[in-house]
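In the order they appear, the protein sequences are chains X and W. For what it's worth, my numbering labels the leading residue of the first sequence as 122, then goes sequentially. For what it's worth, my numbering labels the leading residue of the second sequence as 1473, then goes sequentially.
Hints should not be assumed to be uniformly reliable.
[Claimed, not checked] Straight-line C-alpha distance at most 27 Å; calculated DSSO-like pairs for lysine-lysine:
hint: 1; chain 1: X; residue 1: K177; chain 2: X; residue 2: K220
hint: 2; chain 1: X; residue 1: K194; chain 2: X; residue 2: K220
hint: 3; chain 1: X; residue 1: K292; chain 2: X; residue 2: K336
hint: 4; chain 1: W; residue 1: K1489; chain 2: X; residue 2: K336
hint: 5; chain 1: W; residue 1: K1489; chain 2: W; residue 2: K1539
hint: 6; chain 1: X; residue 1: K294; chain 2: X; residue 2: K281
hint: 7; chain 1: X; residue 1: K177; chain 2: X; residue 2: K194
hint: 8; chain 1: W; residue 1: K1489; chain 2: X; residue 2: K220
hint: 9; chain 1: X; residue 1: K292; chain 2: X; residue 2: K220
hint: 10; chain 1: X; residue 1: K220; chain 2: X; residue 2: K296
hint: 11; chain 1: X; residue 1: K194; chain 2: X; residue 2: K162
hint: 12; chain 1: X; residue 1: K194; chain 2: X; residue 2: K180
hint: 13; chain 1: W; residue 1: K1489; chain 2: X; residue 2: K194
hint: 14; chain 1: X; residue 1: K294; chain 2: W; residue 2: K1489
hint: 15; chain 1: X; residue 1: K165; chain 2: W; residue 2: K1489
Worth flagging that the hints you see were computed from the coordinates, not collected in a lab. Here the structure is a predicted model, which is why all the values come from computation and not from measurement.
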Amino acid sequence: MQGQRVAIFDTDLASPGIHVLFGFTAGEQDLLINDFLQNGKPIKSCVHDVTPSPVKAAKGRVWLAPASMESDKIAKILREGYEVERLNDAIFDLVEHLKLDYVVIDTHPGINEETLLSTAISDALVMVMRPDSQDYLGTAVAIEVAERLDVPQLHLVVNKLPDCFESESVKQKVKDSFNYTPTAILPLSSDLLNLASGGLAVLECPGHEWTQSVKDLASVLHAQVSSPQ
Amino acid sequence: MGLLVSLEPHSLRRILKAGLRGGATSDQLDQLFEQEFSCASTSPEATELLSQLSELGWFDYDGSIWKTHF
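Take the sequences, apply the hints, and build the full model.
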């Protein structure tokens, strides 16, 4: 919404879902990340302009590199694998080709080749966790990996905080657990549950507390990535 | 990529990480060797390390850029 050119890579090849948020359904002729990784198609043919109207009005652009939802293609890529460095090359080729300001890489929750690559090449890593014992354990592992890979900026985001949880207590608990203060704490919201990934919440619920928290997070990321320390 | 995470020492991970993204120029590699090993990338020790990394197929020079391969 600030006139920037952004590409989003859905690297969760096992369970892709970013396309749902943008209402993108791949046609038979549409090429996807899988076609780049396994069939030698150029990456610029595998990205799709999904710019929402309000973003277009603000002179921004959003492209999506979606992954396949077809079970046979998912099984194929998981079975056969691919050279993960090709994903690295694709991202930086696309930065030049589309003159991108930002690339957002969405990964599978957990540690795999794609998350490790994303961690290694990122200027900023946003780790989203729930205030849940399982996520505390998983996040600890992910932080250790990020620190070993010298991620320049690491941001913890606590998501889906029920309103019976005290925000300040959770912030302190996260800080005590990981030595990082959460950059954002996002509330569990029935409005978002009702939206059910039927659109982009920041556009569908512009005045919502959740939206403001996400915008604040975006501002922090923009400021820090624009002026690296 | 799991290999990169597990490598020791930290300096070696930094060298290999530099070969990701768009790769590392010779100048950038020089700076890194100075910071991490207090030697030039053309020193005998650095040349030996780069040669071994190249033999492993992990890190090589394509004529303009040093790139990491895993």
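Going down the list of hints, with the structure as the test:
1. X:K177 <-> X:K220: The given pair, whose Cα atoms are some 16 Å apart, holds under the 27 Å limit.
2. X:K194 <-> X:K220: Judged against 27 Å, a Cα distance of about 30 Å means the pair is violated.
3. X:K292 <-> X:K336: Within the cut-off at roughly 19 Å; holds.
4. W:K1489 <-> X:K336: violated (31 Å)
5. W:K1489 <-> W:K1539: holds (9 Å)
6. X:K294 <-> X:K281: holds (16 Å)
7. X:K177 <-> X:K194: violated (32 Å)
8. W:K1489 <-> X:K220: holds (24 Å)
9. X:K292 <-> X:K220: This hinted pair is violated, its Cα atoms lying about 37 Å apart.
10. X:K220 <-> X:K296: violated (37 Å)
11. X:K194 <-> X:K162: Holds: K194 (chain X) and K162 (chain X) sit about 15 Å apart, inside 27 Å.
12. X:K194 <-> X:K180: violated (35 Å)
13. W:K1489 <-> X:K194: Violated, at about 30 Å.
14. X:K294 <-> W:K1489: violated (32 Å)
15. X:K165 <-> W:K1489: holds (25 Å)
The structure fails hints 2, 4, 7, 9, 10, 12, 13, 14 (numbered hints given earlier, in ascending order).
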